[in-house]
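Asks: Assemble the complex: chain A is given as a structure, and chain B must be docked to it using the hints.
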Amino acid sequence: MERDDLIVNDSYAVNAKHDEAHGKEMRKTILKVTVILSLITAFEVLIGATIPRESGTALWTTVKFGFIFLTLVKAAYIVLKFMHLGDERRNLKFVVLLPYTAFILYLIFIAITESNYVFDMFQAG
Amino acid sequence: MAGHTGEALSKGEIWGGGRSPFGVTYGKLMMWLFLVSDALTFSGLLIGYGYIRHTYEAWPVGEKVFQSLPFAGDGFPLIYVALMTFILIVSSVTMVLAVEAGHRMDKKGIIKWLTLTVIGGLFFLLSQVWEWSHFIHGGGGYITTTTGQVYHLGHLEEDLHANADGSYQMPEHLMLVQNKYSEGEATIIEGAEAVKIWGTMSDYYHGANMLRNEYAPHAPQYANFFFFITGFHGFHVFSGVVINLLILLQVMKGAYDKRGHYEMVEKTGLYWHFVDLVWVFVFTFYYLV
Chain A
1 MERDDLIVND SYAVNAKHDE AHGKEMRKTI LKVTVILSLI TAFEVLIGAT IPRESGTALW
61 TTVKFGFIFL TLVKAAYIVL KFMHLGDERR NLKFVVLLPY TAFILYLIFI AITESNYVFD
121 MFQAG
Chain B
1 MAGHTGEALS KGEIWGGGRS PFGVTYGKLM MWLFLVSDAL TFSGLLIGYG YIRHTYEAWP
61 VGEKVFQSLP FAGDGFPLIY VALMTFILIV SSVTMVLAVE AGHRMDKKGI IKWLTLTVIG
121 GLFFLLSQVW EWSHFIHGGG GYITTTTGQV YHLGHLEEDL HANADGSYQM PEHLMLVQNK
181 YSEGEATIIE GAEAVKIWGT MSDYYHGANM LRNEYAPHAP QYANFFFFIT GFHGFHVFSG
241 VVINLLILLQ VMKGAYDKRG HYEMVEKTGL YWHFVDLVWV FVFTFYYLV
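Chains A and B are the protein sequences, given in the same order.
Numbering-wise (the numbering used here), the first sequence opens with residue 1 and increments by one.
Numbering-wise (the numbering used here), the second sequence opens with residue 1 and increments by one.
Possibly wrong hints are sitting among the right ones.
Stated by the list, open to error - Chain A regions said to be covered by chain B (calculated; three or more residues, Cβ under 8 Å): (1) 23-31; (2) 40-47; (3) 118-125.
Said to hold, decoys possible - 35 Å max Cα-Cα, derived DSBU-like pairs, lysine-lysine: (4) A:K32 / B:K196; (5) B:K64 / A:K32; (6) B:K107 / A:K93; (7) A:K93 / B:K258; (8) A:K24 / B:K64; (9) A:K93 / A:K64; (10) B:K112 / A:K24; (11) A:K93 / A:K32.
No lab work stands behind these hints: they were computed from the structure.
Glycine is no exception: its CB is placed at the ideal position from the N, C-alpha and C atoms.
Bound conformation, chain A alone (with noise of 0.2 Å):
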């Protein structure tokens, strides 16, 4: 096993400083992301406004799931680059995602079960 536990080898440890080279590495990643957040917003009011909401249609269940895969694409950017979360040892990336993923997916999952049902009751009076 690697020997990566030391602070001071942390690239984002509280004493390890870049130097001119590598912040210009770094903005150009920062400057990378910016425009591919902007265009992925850009692109869904696009389609936001253009394509009308029809619940139930083949084309709008695709619609709402590209939204929803659009999203998640924008949130690991975010957090992999941004946060640089993505830098970080692999425990901490565990320590931080796994929980809740567990937790979210559950809930989602009891969530759509629970509302279907409730759904069936109101719709039988």
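Replies: Positioned in the frame of chain A, the structure of chain B alone reads:
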């Protein structure tokens, strides 16, 4: 970040104490754990919104409800929200640039980018105020007939005048709209037919509050979740601006020169990016789908 020493370490050495097993300082680890718990709170709100929405057959369409611009009027679906999103993304970018400047001990750079971040946050908050005011005031309202039908009114320059007996004066140009905010093509009823419907009016309501809203006459939760989700997020933006401002003052005073690092900028940066992250989800689930 992978280390550079290349020495092998056993699990016992990593977790045995005396070093940070996560490779981050205590403060940063705690910020991450706080953000996880905050993310769970926001997810609870958004999933609660999804739950309620799923129990209704009809739900207002985002691009029909949110289609106004300040000074420009109606007819710009989602443009204003997109602008707000863009402001928040840009302020996130200036924040990450401030963090980057911090790693180079570039104090001037930090002050420049952090100031821009604070300004961006303030702009977002002001946009939010306009959005709320517009949402609460509404766009014409709706009438309910004695037979229980609901008709929305077209855009009105001013609110309807109430008569002494509680009825309302008919606007000069009466325009009733069906499907104004709901799915499907909006149909406009004018002239004699509209006047006939107006005669059977039993109730008029416009705007939005916690009990009723004109966007979803059948679902008060539509406005409730608007107020709670964007309000809770707005409060996060507000506290983020305050925290950024405090850190900016500390940087200017030179408090972190003594420490020899700008990790505080990075920690507040994490919080600020999180606020941006939440908005990305609010934007999708409240406005887009």
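Asks: It remains to establish, for every hint, whether it holds in the given structure.
Replies: So, going through the hints one by one against the coordinates:
no., hint, in the structure
1, 23-31, "holds (count 4)"
2, 40-47, "holds (count 4)"
3, 118-125, "holds (count 4)"
4, A:K32 / B:K196, "violated (59 Å)"
5, B:K64 / A:K32, "holds (33 Å)"
6, B:K107 / A:K93, "holds (30 Å)"
7, A:K93 / B:K258, "holds (31 Å)"
8, A:K24 / B:K64, "violated (44 Å)"
9, A:K93 / A:K64, "holds (29 Å)"
10, B:K112 / A:K24, "holds (17 Å)"
11, A:K93 / A:K32, "holds (23 Å)"
Against the hints set out earlier in the document, violations occur for numbers 4, 8.
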